[in-house]
Amino acid sequence: MPDMTISIWTAAAGFFLSFLAYFLKKWIPYLYVHILTAILGSGWIVYVFLDQGFIKTVSIFFIFVFSFFSSPVPERSKVQLQEIIDQLKEQGAREIVLSKNKERLLVDFLFSGLFIVIAVLYFLFGPDSPITLILLYSFVSLVVGLTKRVELFRSLRLFYAEHEEVLYAVSLFETKKYPLEELSEVSVQTRPDVLQLFQLFSLFSPNVDYTTSMGKTWKLSFSGEKVYLTPDPSESMAFLLKEEIHKMEEVEVKPFYHQNNWKRLLGKWYFAAAVKGVGAYAALITLFTLMGIGPIVTTIVMVLFWIFNLWISDRVLKIALDMKKIDDPDLLPIIENVFSRAGLSHVEIYVTESTEYNGFAIGANIGRSLVALTSETLKLPHEAIKGILAHEAIHVKKRDVLIGQLLRFLLIGLILASVFFFNKYVHDENGKTFAFLSLWLLIFLLPAFQSLFTQWMEVRADHLGATLLDGGNAQMANSLTILCEYQDRALEKSAGYRVTFEKEQEVNQKNKKISSLERDSWFFRFLEFQFMSHPPMYWRVHSLQTTETGWSIGKIKLWLCSRFRESLPH
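Okay, so the sequence shown: first residue is 520 according to this note's numbering, each after it adds one.
Nothing false has been slipped in among the hints.
Okay, derived cross-link-like pairs now, DSS-like style, lysine-lysine, Cα gap no bigger than 25 angstroms in a straight line:
(1) LYS843 to LYS795
(2) LYS917 to LYS1074
(3) LYS667 to LYS795
(4) LYS843 to LYS745
(5) LYS844 to LYS916
(6) LYS667 to LYS621
Label pairs and their in silico Cβ distance ranges:
(7) PRO900 to PHE1050: 29 to 35 angstroms
(8) ARG613 to THR1068: 54 to 60 angstroms
(9) ILE815 to ALA993: 54 to 60 angstroms
(10) LEU925 to LYS544: 46 to 52 angstroms
(11) LEU643 to ILE826: 25 to 31 angstroms
(12) VAL1018 to PHE573: 43 to 49 angstroms
(13) THR1019 to ASN779: 40 to 46 angstroms
If you're looking for bench data, these hints aren't it; they were derived computationally from the structure.
For clarity, every value in this text was computed on a predicted model and none was experimentally measured.
Using N, Cα and C, we set each Cβ at its ideal position, and we do this for glycine too.
Please construct the entire structure, taking both the sequences and the accompanying hints into account.
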């Protein structure tokens, strides 16, 4: 493993060069800025190579690249931001004063602080292992996220253009334009629900968090995005309350430290540390290292801890994702029909709030499984929801969640065992270099190995799920088509909210169409077929439309042939 001090300095060097490029491009042509940063970055990597050798330099190089491109560099300068604000005011836009209180920032620092402390303790006292690099990447991401949060807090301005009926959110990092005609729901919370807004506590894409205080919070549901704002209490927000809005209600939100939120807070912390990340594993390894416990016992405990996490995953995710049982009287008969046909009588169906269209199965076995749909998915036509439920029912029946976790564990275990073997038994420098490059290749190809079994499970769920539907393959294909159309439309809307004040770019952005049902270029087909957990949607729909209902060896062959053929440039 690379030296931790050098690794941290490398991350700092990546940040420094990224900010240097940001400041220099104001006075120097962009090409020269790129050349200068490339020279300085290469110089640092050469220094690392001379100090650490080839093997460790490869890992450090990736740290440098990651920190350089993830650096929290503003999109525009303060002067440019002021120009945009002046332009909006000239056009007659009214500024909405935001309530700003540093207590809101302190909450984000508090939540991030525990994970940062775990990483630092592991860096200081933990053993060298692949977890070190994972924690370093997470550490960099958290620092970047906090830096952006501070700058957003300081620079965010909100405007309402009445003649356009558009809400503008302007900051150093982005400008977003929200047409009120896209606003579908408005609600008011007594305070921001920070347990829902914090990035590590979410499984899906994070909400647009513009909250700058712990006061009254407006939650605006646009197509593809949910926006959270904390306007000053003196500001009138009546312009948001249109007749077309589905509902307007004030929701009481307890402080995150309130006793009613303790279970929820614990569940979300555990989810972030043990399910979404490796913080819990790093904390245990650090503790065992300080106690002098050997690697064999530590490994056994880690495996048992992983099994325990798999066993309670349904309960953890239920709390962490704020799931609620579906009680829609129109959907309950559909749910009963699908799962009774699948021979599953004890699977619970939940809903979790998200702007994404998605459904997923959770749980290590049939007796502990549940299926969750996102709140947006429930807005689809019932025919589409029925197809999604049938797909997830097959995942539950075939125990795909458990099998997928076991196969993933075996692949990661193989890589870790290889690292241990080569560190212990390979001493020749050439042998170490070859072993190191081989291991990096294995790590790089890990998503490809995983996609082999996850895509097979997805294709099987499509075709076996079709047998649970009256319309068979045609109905399942139609369900996936509807899902794609809604999701693509939401993505187009979300992409359109982000604007520049350069007319040509803005027009191009508006005209950009997204369609996951169209066959993409060979490079993107290659990435999807070889590295993603699902085959491309266009292929899934086509395979349903051109084959008979049912599952057979022939369909496995069809998928394998397509996986190869569709990845070629033709």
